[in-house]
Amino acid sequence: MDFVILSLAMLAIGIYGLLIKRQLLKVFISIELIATGATLNFVTLASAMGKGLGEAFLILAFSTDTAVSAVILALLVIVSKKYGTSDISEIIKMEDEGESEAEL
Amino acid sequence: MILEALSIGLIVSACLALFLDEAVYSVAALAGTFLFTALIYVLNGAVFVAIFQFAVGVGTLAILFLSGEMLSDKPTKKTSPKNTVALIGTGVVLSLPAIFLSVSGSAGSGSNVSFGDALWNLRGVDVILQGLVILTLALGIAIVLYEKKNGGK
Numbered sequence: 001m002d003f004v005i006l007s008l009a010m011l012a013i014g015i016y017g018l019l020i021k022r023q024l025l026k027v028f029i030s031i032e033l034i035a036t037g038a039t040l041n042f043v044t045l046a047s048a049m050g051k052g053l054g055e056a057f058l059i060l061a062f063s064t065d066t067a068v069s070a071v072i073l074a075l076l077v078i079v080s081k082k083y084g085t086s087d088i089s090e091i092i093k094m095e096d097e098g099e100s101e102a103e104l
Numbered sequence: 001m002i003l004e005a006l007s008i009g010l011i012v013s014a015c016l017a018l019f020l021d022e023a024v025y026s027v028a029a030l031a032g033t034f035l036f037t038a039l040i041y042v043l044n045g046a047v048f049v050a051i052f053q054f055a056v057g058v059g060t061l062a063i064l065f066l067s068g069e070m071l072s073d074k075p076t077k078k079t080s081p082k083n084t085v086a087l088i089g090t091g092v093v094l095s096l097p098a099i100f101l102s103v104s105g106s107a108g109s110g111s112n113v114s115f116g117d118a119l120w121n122l123r124g125v126d127v128i129l130q131g132l133v134i135l136t137l138a139l140g141i142a143i144v145l146y147e148k149k150n151g152g153k
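Residue numbers (my numbering), protein chains in the order written: chain P, 1 to 104; chain V, 1 to 153.
With the rest of the complex left out, here is chain P (with noise of 0.2 angstroms):
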């Protein structure tokens, strides 16, 4: 059982939805997966450590990333609000179509 290979494939998993989804919940969710495979890494090579400073460390690294997460979702929640949509393919297509609107 090797978690170094585990933490990879929801690595893979995660940037593989960031590459492919289009709805802004997906791509938050792949968000949250890459960051679980980053501190499932991290986790098990400090528990090979052996030492509570990784462990108090990761509690730190957890408060970073539920901020981002926050900040991300607020982000999100305002695009989705402004744009009326959570697809990123027709976002981008009316902020194209608003930037020739306003070039004309």
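FYI, nobody ran anything at the bench for these hints, they're computed from the structure.
Please read these numbers as outputs of a predicted model, since none were measured by experiment.
Be careful, since some hints might not be right.
Calculated cross-link-like contacts (lysine-lysine; reagent style PhoX-like; alpha-carbon spacing at most 25 angstroms) [claimed, not checked]:
(1) P:82 - P:93
(2) P:93 - P:81
(3) P:21 - V:82
(4) P:82 - V:82
(5) V:148 - P:81
(6) P:82 - P:21
(7) P:93 - P:21
(8) P:81 - P:21
(9) P:21 - V:78
Chain P is faced by these chain V residues, among others (derived, beta-carbon under 7 angstroms) [stated by the list, open to error]:
(10) 28
(11) 32
(12) 39
(13) 42
(14) 67
We put the CB at the ideal spot given by N, CA and C, even for glycine.
Using the hints provided, position chain V relative to the given structure of chain P.
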């Protein structure tokens, strides 16, 4: 054996969270991902981190339940059972390298904090209860907003 089962569950729930079409089921699968991660932490000896993971996961899920309806469009199609089974199979296949391959050395014994110590002496139970209170509040607000949106029907 338990760790292998947990790793399979972790990858499968991550796949389901990403590829299920309904937002509620996606968030529920993400809850499973957080739960499996916390259990893996416990079995690795990092009990206090597991408690924090639980609390952070509960907070994230509460916010996701609140904003999930706002962020997701109306579902156009439901995930068929065939696709769900295919997703589970993909997750199992993806977790096999982590079970059978190895690139690192053996894991250590953790930080030598027992579960009871972390829960009672280090007051991990406070963190868990705080997370549950936040989740309850968020679910209550979500229900009130849902009722308000539907005109109290």
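message = Is the interface hint satisfied for residue 39 (chain V)? The criterion is a beta-carbon contact with chain P at less than 7 angstroms.
response = 12 angstroms, violated
For this session: Could you grab the alpha-carbon distance between residue 82 (chain P) and residue 82 (chain V) and see if it respects the 25 angstroms cut-off?
Result: Roughly 36 angstroms between the alpha carbons, so the hint for residue 82 (chain P) and residue 82 (chain V) is violated.
Measuring from the C-beta of residue 67 (chain V) to each C-beta in chain P, is the shortest one below 7 angstroms?
-> Status holds, d = 6 angstroms.
- Task: With a cut-off of 7 angstroms on the beta carbons, see whether residue 32 (chain V) makes it to chain P.
- Result: 12 angstroms, violated
Quiz item: Taking 25 angstroms as the top limit, are the C-alpha atoms of residue 82 (chain P) and residue 93 (chain P) close enough?
Solution: Holds, at about 14 angstroms.
Checklist line | Pairwise hint evaluation, residue 81 (chain P) against residue 148 (chain V), where the allowed Cα distance is 25 angstroms at most | finding: Roughly 18 angstroms between the alpha carbons, so the hint for residue 148 (chain V) and residue 81 (chain P) holds.
>> Tell me if the straight-line CA distance from residue 21 (chain P) to residue 82 (chain V) falls inside 25 angstroms.
In response: 20 angstroms, holds
For the pair supplied as a hint, residue 21 (chain P) and residue 78 (chain V), confirm whether the alpha-carbon distance does not exceed 25 angstroms.
16 angstroms, holds
A closest beta-carbon separation below 7 angstroms is what the hint needs, so does residue 42 (chain V) meet it against chain P?
At 11 angstroms from the nearest chain P Cβ, residue 42 (chain V) fails the 7 angstroms test, so the hint is violated.
**Prompt:** Taken at face value, is the distance from the CA of residue 21 (chain P) to the CA of residue 82 (chain P) at most 25 angstroms?
**Reply:** OK: residue 82 (chain P) and residue 21 (chain P) at ~20 angstroms, within 25 angstroms.
Agreement of residue 93 (chain P) and residue 81 (chain P) with the hint, judged by alpha carbon distance not exceeding 25 angstroms
16 angstroms, holds
A closest beta-carbon separation below 7 angstroms is what the hint needs, so does residue 28 (chain V) meet it against chain P?
For residue 28 (chain V), the interface hint is violated, since the closest Cβ of chain P sits about 12 angstroms away, which is over 7 angstroms.
The earlier numbered hints that this structure contradicts are 4, 10, 11, 12, 13.
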